[in-house]
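What follows is the residue order along each chain.
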Amino acid sequence: MAPKAVSLPQTAKPRSSKPPIRHLWVHVVLIIAIIVIASPLVFALIKATQSSDQVIGPSLLPGTQFFHNLASVWGDAHLGRFMFNSFVVTICVTVGKTILSLLAALAFVYFRFPLKSVAFALVLFTLMLPTELLIVALFDLVSGTLKWSDSYAAIIVPFLASATGTFLFRQHFMNIPLSLADAARIDGCGPMTFLSKILIPMSWNTIGALAVIQFVGAWDQYLWPLVIMQSDDKQVVQVGLRRLIDVGGQTDWGAVMAGALITLVPPLLVFTLLQEQFSKGFALGQDK
Amino acid sequence: MSLTSKRRVPKAGKVSSAPEERATFRNPVLPWLFLLPTFIILAIFLYYPALRTLRLSLFRSNIILGNESFVGLAQFAELLSSPVYHQVILQTLIYCALVIFLGLFSAMGLAWLASRPIAGAKFYRLMLIYPYALSPAIAGTIWLFLFNPEIGVVNSVLSSLVGVRPRWLDNPLLAFGLVVLAAVWKGLGYNVVFYLAALQNIPGEVSEAAAIDGASGWQSFWKVTFPLLSPMTFFLVFTNLVYALFDSFGLVDILTRGGPVYGQTGITTFLIYQLYEDGFRNFKTGVAATQAVLMLVMVGVITVMQFRYGNRRVHYGA
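Residue numbers (my numbering), protein chains in the order written: chain P, 127 to 414; chain R, 2 to 319.
Certain hints may be false.
What the hints assert, rightly or not - List of simulated lysine-lysine pairs, DSS-like, C-alpha gap at most 30 Å:
| hint | chain 1 | residue 1 | chain 2 | residue 2 |
| --- | --- | --- | --- | --- |
| 1 | R | K285 | P | K406 |
| 2 | R | K224 | R | K123 |
| 3 | P | K273 | R | K285 |
| 4 | P | K323 | P | K406 |
| 5 | P | K242 | P | K323 |
| 6 | R | K123 | P | K406 |
No lab work stands behind these hints: they were computed from the structure.
Make a model of the complete structure from these sequences and hints.
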């Protein structure tokens, strides 16, 4: 005991005087890494501002044509339309998934009912069934049987259930003391009141973390919209990017870069706004 | 009154299996009502298509012609003996291994550096994780321009420095490397987020104790931090495997379209791209379904392994 108490202040001293030198290489490595990681985006940003003459040259000086480039993809190449579609789809999927997962987690954590293990296993099992693998049959169902091709329903409804969300909320609810639910019940709270008045206010970090994952996931959808949407009318912006490159033989790269950057803004915004909740939701979710 | 009767029942009720421990509300209908929307979606858009896919894999069919004939396991036999499919499997595995290894290695190192108590740590963390918001399609679009042989900035720099202008997307090896790097770049933010969360959970005393014992930064990383991160690494290996298997589609579709040709087929034609090509370009629905079944088996094995060998700290954050 005693030697430890003596040795602590001694080792603490060099630690506090050393860091500036010791940490220098950490800063250097991190700054280099950040530059490397950001460079493709910085490149895209610069090229997005250049005129069509500059953009095919090696110049990396910012130009003044950003809004001109943006206007040309926004209207002429339907980017505005694609963005709007992506917004509708992503918001519907994110909100829908959150609500459905909250309800499912509520059932799994706070109720006892027959066949619960079977129901749980059925949700668990869906983790093994990525939609990408089912596209052939799903295409048949959605376009053939349901006749949903070229409608928002085709890229919203199949994605409303979320095993990930159900498990994340379930895990979070299990960390909340059960006595709280008991107290609420004794006070005459029904399950829905309990969910809206107690569970949801206690779950903002988890909801935020999940919202980021689901927003980014839904916004980034590519394969399924590519397959199911035949016309540009309801197409999402990720597939729209491919259309921008395809236009004619001559790609207007300045405009395409402007398009790519605008496509990046919504998930980046959601991520930045919910970044705190996102990190906390996972740090907490990991506790147990 | 009602309190005692409600209390008594759950206590007396037999606690048979794990997920039933925490029940509080008692109502036989409500939980099913809460689960109903989830189950309806899962049944129609996941379970039913999965069964249809199984069935389709046994029929030779064409979605355009609308014909189908039962061929049993013939399509499985064809695929598993096809040199083209062998090459696709092999290059998918190499691609996955490279993406996982490079991605996790760099993310772990960077997260570890950014988690240290240095000035501006918060800024560094944010700058490392924002690429999470990138999509495979955006990554593909930007890289396509960066490495454009005539007007891409990479070749502008290379030709002025060393006088070469490689045709990045026409050379199999270069194109393959490019797709790997773009995928690692795109996935970095995600991996850093999870490593940062894991590092946050390691008590500060652990590395402090190592420092007191005279461990250098490097030693403390390899001997202390690295082993403590292994549950997270394990989890990330699986999520990255799934990411590499499926999210590679958007990237490949924009950047290389599965090419350039090397050996039997395009060198960046990975399993999911092959499935799409057969299903929606060549309209060989049956063969595409067979590939889907083979990949389902793969994903099933991966998931089971994750649950078997991942410990309790594994969470479902994918």
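Now for the hints, and whether the structure bears them out:
1. R:K285 to P:K406: Roughly 47 Å between the alpha carbons, so the hint for K285 of chain R and K406 of chain P is violated.
2. R:K224 to R:K123: Answer holds: K224 of chain R to K123 of chain R is near 26 Å, not above 30 Å.
3. P:K273 to R:K285: holds (21 Å)
4. P:K323 to P:K406: OK: K323 of chain P and K406 of chain P at ~21 Å, within 30 Å.
5. P:K242 to P:K323: Holds, because 25 Å separates the two Cα atoms, which is no more than 30 Å.
6. R:K123 to P:K406: Status holds; Cα separation ~14 Å.
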